[in-house]
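Throw the hints in and build the complete structure from the sequences for me.
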Amino acid sequence: MELQASLSLIAPEIVLSLSALALLLIGAWGGDKTARMNSIAACIAIAFCFAIVAPRVCAGVGGPDAVAFFGQFKADAFSGFAKLLIYAGSVAALLIAPNYLERVGAMRAEYPVLVILATLGMSIMVSAGDLLTLYIGLELNSLAAYVLAAFVRSDSRSAEAGLKYFVLGALASGILLFGMSLTYGFTGTTNFNAISTVVAGGLSGGAMFGLIFMLVGLAFKISAVPFHMWTPDVYEGAPTPVTAFFASAPKVAAVALLARVALEAFGTQVDAWRQVVVFAALASIIVGALGAIGQKNIKRLLAYSSINNVGFILVGLAAGTAQGAASMLLYLAVYVAMTVGSFVALLMLKNENGDQLESISDLSGLRSVSPVLAFCLMSMMFSLAGIPPFLGFWAKLVVFQAAVDANLVVLALLAIAASVIGAFYYIKIVKVMFFDQPSGVVLGKSDGVHWALLIISTLVISPLGYLATSWFGDLAQRAAATLFLLS
Amino acid sequence: MRVSPLVDLSQYLPILIFLVIAAGLSAAFVFLPMGVAHLTGAHNPNAEKLSEYECGFPAFEDPRSQFDVRFYLLAMLFIIFDLEAAFLFPWAVSLDLTGWPGWITMMVFLFELAIGLAYAWKKGALEWE
Numbered sequence: 000m001e002l003q004a005s006l007s008l009i010a011p012e013i014v015l016s017l018s019a020l021a022l023l024l025i026g027a028w029g030g031d032k033t034a035r036m037n038s039i040a041a042c043i044a045i046a047f048c049f050a051i052v053a054p055r056v057c058a059g060v061g062g063p064d065a066v067a068f069f070g071q072f073k074a075d076a077f078s079g080f081a082k083l084l085i086y087a088g089s090v091a092a093l094l095i096a097p098n099y100l101e102r103v104g105a106m107r108a109e110y111p112v113l114v115i116l117a118t119l120g121m122s123i124m125v126s127a128g129d130l131l132t133l134y135i136g137l138e139l140n141s142l143a144a145y146v147l148a149a150f151v152r153s154d155s156r157s158a159e160a161g162l163k164y165f166v167l168g169a170l171a172s173g174i175l176l177f178g179m180s181l182t183y184g185f186t187g188t189t190n191f192n193a194i195s196t197v198v199a200g201g202l203s204g205g206a207m208f209g210l211i212f213m214l215v216g217l218a219f220k221i222s223a224v225p226f227h228m229w230t231p232d233v234y235e236g237a238p239t240p241v242t243a244f245f246a247s248a249p250k251v252a253a254v255a256l257l258a259r260v261a262l263e264a265f266g267t268q269v270d271a272w273r274q275v276v277v278f279a280a281l282a283s284i285i286v287g288a289l290g291a292i293g294q295k296n297i298k299r300l301l302a303y304s305s306i307n308n309v310g311f312i313l314v315g316l317a318a319g320t321a322q323g324a325a326s327m328l329l330y331l332a333v334y335v336a337m338t339v340g341s342f343v344a345l346l347m348l349k350n351e352n353g354d355q356l357e358s359i360s361d362l363s364g365l366r367s368v369s370p371v372l373a374f375c376l377m378s379m380m381f382s383l384a385g386i387p388p389f390l391g392f393w394a395k396l397v398v399f400q401a402a403v404d405a406n407l408v409v410l411a412l413l414a415i416a417a418s419v420i421g422a423f424y425y426i427k428i429v430k431v432m433f434f435d436q437p438s439g440v441v442l443g444k445s446d447g448v449h450w451a452l453l454i455i456s457t458l459v460i461s462p463l464g465y466l467a468t469s470w471f472g473d474l475a476q477r478a479a480a481t482l483f484l485l486s
Numbered sequence: 000m001r002v003s004p005l006v007d008l009s010q011y012l013p014i015l016i017f018l019v020i021a022a023g024l025s026a027a028f029v030f031l032p033m034g035v036a037h038l039t040g041a042h043n044p045n046a047e048k049l050s051e052y053e054c055g056f057p058a059f060e061d062p063r064s065q066f067d068v069r070f071y072l073l074a075m076l077f078i079i080f081d082l083e084a085a086f087l088f089p090w091a092v093s094l095d096l097t098g099w100p101g102w103i104t105m106m107v108f109l110f111e112l113a114i115g116l117a118y119a120w121k122k123g124a125l126e127w128e
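Chains as they are written, first to last, in numbering that gives the first Met the number 0: chain A, 0 to 486; chain B, 0 to 128.
Hints listed in this document are in silico derivations from the structure and should not be mistaken for laboratory results.
Treat the hints loosely; a few may be bogus.
No more than 25 Å apart at the CA atoms, straight line, and that leaves these computed lysine-lysine pairs for DSS-like [claimed, not checked]: (1) K444(A) - K430(A); (2) K444(A) - K295(A); (3) K427(A) - K295(A); (4) K122(B) - K32(A); (5) K32(A) - K444(A); (6) K121(B) - K32(A).
Structural data, given as C-alpha cells:
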C-alpha cells in the first residue's frame with residue numbers, strides 16, 4: 000500500500016525516465032534523423048508531466064500526503080511549483096535547439112534524451128526530502144549538463160565549456176558531499192525533517208561546518224558569488240540553446256533545492272545560514288552588475304546578468320519566512336520568462352549566411368532592421384533592470400517586500416541601490432539598439448518557433464503579466480507554505 | 000547534545016594538527032628544494048642537460064603519448080557493470096527483508112542497465128575495430 004502510494008506520487012519522474020529510455024533506444028537504432036521527432040516526443044512527455052503536476056500545485060498539496068518512500072521524496076506544492084518552471088524551461092530548450100544544432104551540424108538523437116535526463120534529475124532535486132535523494136538528483140542533472148555543454152564536439156569553445164563545467168562541477172559535488180557527510184556524522188541522520196529536529200536545540204560545531212560546506216556546494220550550482228567564476232566561460236562556450244537551458248531550468252532547481260536545505264533541514268537554525276546567504280546575495284548583485292559592464296559578448300553579459308539575478312533571489316531566501324520562499328518562487332517564474340526570452344532573441348541574431356551573431360556591437364541600429372525583435376529585446380532588458388511597467392519590477396518588489404517584512408531593511412536598501420548599477424548595462428543595450436548607427440549585419444531570417452517563444456515570453460513579462468499576479472502570488476504563497484508543514 | 004562525545008570538536012584537534020602538519024610538510028617538500036636550488040645553484044642549462052634521459056639512452060618516444068579513446072569506453076563500461084555486480088551481493092543477502100518490492104526494484108535497475116548496454120552495443124562501443 001505504501002509502495003503504491005509512493006509510486007503514484009513519483010508519476011512524473013517515472014514518465015520522464017521511461018521516455019528517456021525509449022528515446023535512447025529509438026535514437027540508437029533510428030540514427031540522427033530521428034532527432035527532430037525525438038525532440039517533439041520529449042516535449043510531449045514533459046508536457047504530460049506538466050499536466051500531472053499542475054493540479055497538485057493548484058490544490059496546494061503538502062504534509063504527510065505528499066511524502067513518498069518514507070520521507071526520501073516530497074511531492075508537495077513547493078516542489079510542484081518549481082517543477083512546472085523546470086518543465087517550461089526544458090521544453091523551451093528542446094524547441095529552440097533543433098534549428099540551431101542542425102545549422103552547426105551537431106543535431107544528434109542524444110540531445111532530447113540528455114535534456115529529459117537533466118529534467119528528471121532536477122525533478123528529483125526539488126523533491127528531495129533526504130540528503131541522498133538530493134545528491135542523486137543533482138548528479139543526474141549535472142552529468143547530463145556536462146555532456147550538453149560539450150555537445151558541439153567540433154567547436155573547441157564548446158569542448159572547453161564542457162571540461163570547465165565538469166571540473167568545477169565535480170569540485171562542487173565533492174564539497175557538497177563533504178558537507179553532507181559532516182552533517183550526517185554530527186546529526187546522525189540524512190533526513191531533512193530529522194536534521195531539523197536534531198539541530199533545533201543548537202548547532203554543534205561539526206554540523207555548522209557541514210551546513211557551510213553544503214551551502215558552498217550549492218552556491219557553485221546556482222553560480223552565486225564568490226563561486227561564480229565558471230559561469231561566464233561556460234555560458235559563452237556552450238551552444239546557445241544549451242546556455243538558455245543552463246540559465247533557466249537548472250537554476251530554478253538548484254535555488255529550490257537550496258531553499259529546501261536552508262528552510263527545511265536547517266529551518267530551526269536560520270541565524271546560522273542567514274549571514275552566509277546575505278553575503279552571497281549582496282556579493283552576487285554587485286559582482287554581477289559590475290562584471291557585466293565591460294562585456295562585449297551578449298552571452299557573457301547574460302551570464303553576469305544571471306549571477307546578478309541569483310543575488311536578488313537570495314534576498315528572498317535570506318528572509319527565512321514563507322513569504323520569502325514565495326517571493327523566490329515568483330522571482331524564479333519571472334526570471335525563467337526573461338531568460339528564455341533574452342536567449343531566444345539572441346538566437347535570432349543572424350547574418351545573411353545564417354551564422355549566429357553574439358557581439359553587442361552587432362545589435363546597433365537593430366530598431367531599423369527588425370523593429371519587433373528590437374522591441375521584444377528592449378522589453379526583456381527593461382524587465383531585467385526592474386523598470387516598471389514590466390513584470391521584472393514586480394518580481395523585485397515582492398523579494399524586497401519579503402526582506403523588509405523580515406526586518407532586513409538594510410539588506411533590501413543595499414540591494415535596491417546595487418540594482419541601479421545593473422540597470423546601466425541593460426539600458427546601454429537598449430541605447431545601442433535604438434540610437435546607434437545601424438551596423439546592418441543582422442539580416443538572417445528567423446524560425447517560426449523562435450518567434451513564437453519570443454512573443455510568448457514578451458507577453459508574460461509585459462504589463463499584461465500583472466493581470467495574473469494576484470492569482471500567481473496566491474499560488475506561490477500556498478506552495479511556499481507547504482515547505483513549513485511538518486510531515 | 001553537548002554531552003555527546005561526537006559533538007565535542009576539541010576531540011578532533013589532534014587530527015586537525017595532523018592535517019596541518021601534513022599540509023605544511025608536503026608544501027615544504029615541494030617548495031623548499033625549489034627555493035634552495037634557486038638561491039644556491041648555478042643556472043646554466045645547455046641542450047645536453049635539458050634533453051630527456053631514459054636508462055642511459057635517449058628517450059625513444061614522448062612519454063605523454065595519447066592513448067586510444069576506446070580504452071576509456073571499455074573502462075567506463077567495465078566500471079558500470081563491476082559496480083552492478085557489487086550492488087547485487089547486498090541485495091541478494093537482504094532479499095528476505097526487502098521482499099517482492101526489493102526484487103522488482105532490482106529488476107527495474109537491471110533493465111535500465113540492459114538498455115544502456117544495448118545502446119552502447121548498437122553504437123559500436125564494444126567493437127575494437
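Now the hints, each set against the structure:
Of the pairs offered as hints, the one joining K444(A) and K430(A) holds, with about 24 Å between alpha carbons and a cut-off of 25 Å not exceeded. Of the pairs offered as hints, the one joining K444(A) and K295(A) holds, with about 24 Å between alpha carbons and a cut-off of 25 Å not exceeded. With a C-alpha separation of about 12 Å, the suggested pairing of K427(A) with K295(A) holds against the 25 Å cut-off. Taken as a hint, the K122(B) and K32(A) pair is honoured in the structure, with Cα atoms around 15 Å apart against an allowance of 25 Å.
Restraint check for K32(A) and K444(A): satisfied, since their Cα atoms lie roughly 24 Å apart, inside the 25 Å limit. A threshold of 25 Å between alpha carbons decides the hint, and for K121(B) with K32(A) the separation of about 16 Å falls inside it, so the pair holds.
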